[in-house]
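Two chains, each in its own frame: build the complex with the hints.
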Amino acid sequence: MAIENLKCKECGATYDLGAHFACEHCFGPLEVAYDYSGFDPAETKRKIQAGSQGIWRYADFLPFEGRPGDPLEPGLTPLLRADRLADRLGVEAEIWIKNDAANPTHSFKDRVVAVAVAKAQELGFETVACASTGNLANAVAAHAAAAGLESYVFVPANLEEQKLLATGVYGTNLVGVRGNYDDVNRLCTQLAETRPWAFVNVNLRPYYAEGSKTLAYETAEQLGWELPDRVVCPIASGSLFTKVGRGFQEWLDIGLLEGAQPVFNGAQAEGCSPVATAFAEGWDVCKPQRPDTIAKSLAIGDPADGPYAVEHARRTEGGIDSVTDAEIRDAIQLLAETTGIFTETAGGVTVGVLKKLAERGEIAAGERVVVYITGEGLKTLDATRDRFRMHEIDPDLDSFESEFTQEVSV
Amino acid sequence: MPVTVKIPTQLRAATGGEAELEVSGSTVGEVLDAVFEAHGGLRERITQDGDLRRFVNVYVSGEDIRFQQGLETQIDDGAEVTILPAVAGG
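Protein sequences appear in the order of chains V and F.
With numbering that gives the first Met the number 0, the residue at position 356 of the first sequence is 355, and numbering never jumps.
With numbering that gives the first Met the number 0, the residue at position 7 of the second sequence is 6, and numbering never jumps.
If you are wondering where the hints come from, they were derived from the structure by calculation, not from laboratory data.
Backbone N, C-alpha and C define an ideal beta-carbon position, used for all residues, glycine too.
Don't take every hint at face value.
[Unchecked claim] Cβ pair distances, simulated, as ranges:
(1) V:G360 - F:E19: 52 to 62 angstroms
(2) F:M0 - V:T13: 36 to 46 angstroms
(3) F:S60 - V:D385: 35 to 45 angstroms
(4) F:G77 - V:Q260: 47 to 57 angstroms
(5) V:E121 - F:D32: 40 to 50 angstroms
Here chain F stands alone, though its shape is the one from the complex (with noise of 0.2 angstroms):
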């Protein structure tokens, strides 16, 4: 099912610039499974060793995943997957 994917200005330049990707994928591992399919420089930026890095946010439509059920995540249809650095605040 078709999912926006919004990457951050940090990401953009493995993007080729763009800001929305639309992939698809019914959990968040999926997703972003597809997001390194069609930006392979992605990938060894947000994981390490297949998990998320340590700075790297992922919400489902405003929600933390690690709320829910972290790369299992399930994705409803239209949703929006939001990646963020988490190195912000306090």
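Just chain V, with the same shape it has in the complex (with noise of 0.2 angstroms):
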């Protein structure tokens, strides 16, 4: 398999490869497209099993001339099976949690970026940077130490302390920008066009991209082979979403999988819903919105890949809905309890968006849902604030005791 050239996806118009990312001609988004032709599903299966344990065993799928590297290889994170939260949901179903907070920064961030910081490399860039809203500005900044590259990491300077400290460490450049992430991402367009920087999700965005179908490679792989019947992932800018559909449709197209697209189902906060806002509208663009939510990881009121995001909700019979931050916080609660695993906001909105679809009797009996919990917890402990009371005792038997008495007494 080798990558042949950029096409858009409006028009098809294509493009060398290189640091590109809007259609001259439409203004349309760039995409990497691949030769399947020649090949082998058998043979690319041993191949994969006998890869390293990480994303770059689907090196073939990624869009480099060469064999990436990266020190920091993120991927094959856990597939987790959740019964518990099926009974708590109520359905007959499979549940499986993949969970991406498993990454070497914490969050699915870590896949997009190893893409993109290789890339950078092999177009010969030496600084990397990117427009963030937290956990990609993790990702970016390690990633660039871990290379060697220098790194310019740009924020909305109100995101939460955690997500600005485990940047900072790093040694990038830290800039907070007064305003919120459209803001930031208009400046970082901007800024593209003058420094001889690759901002992994301005002008290496479609490469960057690419990062996200090992999660639906992974999922499969971790499946037996298999496609699930249903899953729920969350959208800020909707690329997650469209490009592990695109993986598992480039894995069905060359015979790797066999069956359909999953059904997918979107997750917003409802304080900035706008491609949930296009889905139930029946919109084929999403209306922009001013974000106001405890989920800053998905806070993008200008989704670029919105309109992409909307049609491949309807086109797998699926659906886009949001929740609210009270709904959030008691999903990442639910999670907590029910699998052990502790994911931030966007997680929440995810898992609540699930109950949602649960509630409304959607998720048939024996379905197999895969749900992607792209961040952790840790990142965003503010949410889980004043939820449970902690008892504080004097450190002798009497006074655990007397705390205790009804809990213990038989």
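Here is the structure:
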């Protein structure tokens, strides 16, 4: 398999494999095109199984001329059966949690950044940069440090402290912009025109986005080379959602998998739900919103791939729902109590939508559902504050007994 | 009134390489018409059936016109209009 060129998703115009991201004819997004001819599924399967214990085992499906490398290789995160969660939701389905917090910087962003940083090196860049809602900032700073590249990370200045601290520690140039994510994104789009930098999610975005396909590949491989019936996946820009779909489709097209695309359910926070709104209204564009939600990692009011996410949800007969901040907090706790996995607010959004689907009776008995948990709870600790009481006692038996009298009496 | 329009890299082949244009107009729509007058090739690249294409963002002094009055957004004297691709981020 070889990468061919960059191709506009809107008008089909093609471009060389450089640092381009928008079509000169219609401004549509560019996507990497591959040549799948002469592909042998059995041989590829063996090659993947003999590959590295991370995303580079799927290197044949990633946008490189040579073999990519990254000392902080992400991927092969756990896929866990969550029967107790299914019980609590009252569904007789198989619920699986893909815990992508188990990556080097504790979010799925390690996948896209590993691909973008390796591509930046292949293209000869010495500095990488990004516009981030936090998780991407952590990942860019870390992977740049590991690769020995300089980095500039742009975030909204009011981001969660945990995400700022977990970025600055890597020695990056951390820039807090007084504005929301969409302001940061606009600024970075302008900077990408004048700075000789690889902005992973601007001028390198076509390559970067390909990294999300590895979540689909891993899911299928971990399910024994089978597809799930349904996936529940968060939506910020819509890139992850659509690329997971593309990953499944590529393996269907080349014969590595049999069956059909899973039903795709997208998850947004009510306080930033331009894609859910476009889905509900039947629009083919997303009307931008000013985000106001605790799910800051999903707080993109002007989502670049929103229209494609809407199309993919429709095509797979799925949907896109949104949940309130209170529902997000409840869902974080529900996941933690039933699976031992502590997720950040984005995971609360995803599990919150799973709960809605269960309540509406949309999850059939025997269905196999994969839920994408994309980030770590320790990064958004405020979401769990004041939800439980700590028992404080003196260091003696009486103090313990009096605190727990009722609980231990028989 | 004079308005500066910033042209992104992707469109500069249609402006002879120019990154900034000086035109006049009192709304975004009028400003864009003046831009198309000067560089005819730009019209079909950023508009379709009279509306902006879905991956084109236009800002007046840093503010997305979709949060204002769209193509009817008024332009103050000396304001800056920026055209950018909407396909970044996330």
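Right, here's what the structure says about each hint:
no. : hint                               : verdict
1   : V:G360 - F:E19: 52 to 62 angstroms : holds, 57 angstroms
2   : F:M0 - V:T13: 36 to 46 angstroms   : holds, 41 angstroms
3   : F:S60 - V:D385: 35 to 45 angstroms : holds, 41 angstroms
4   : F:G77 - V:Q260: 47 to 57 angstroms : holds, 52 angstroms
5   : V:E121 - F:D32: 40 to 50 angstroms : holds, 43 angstroms
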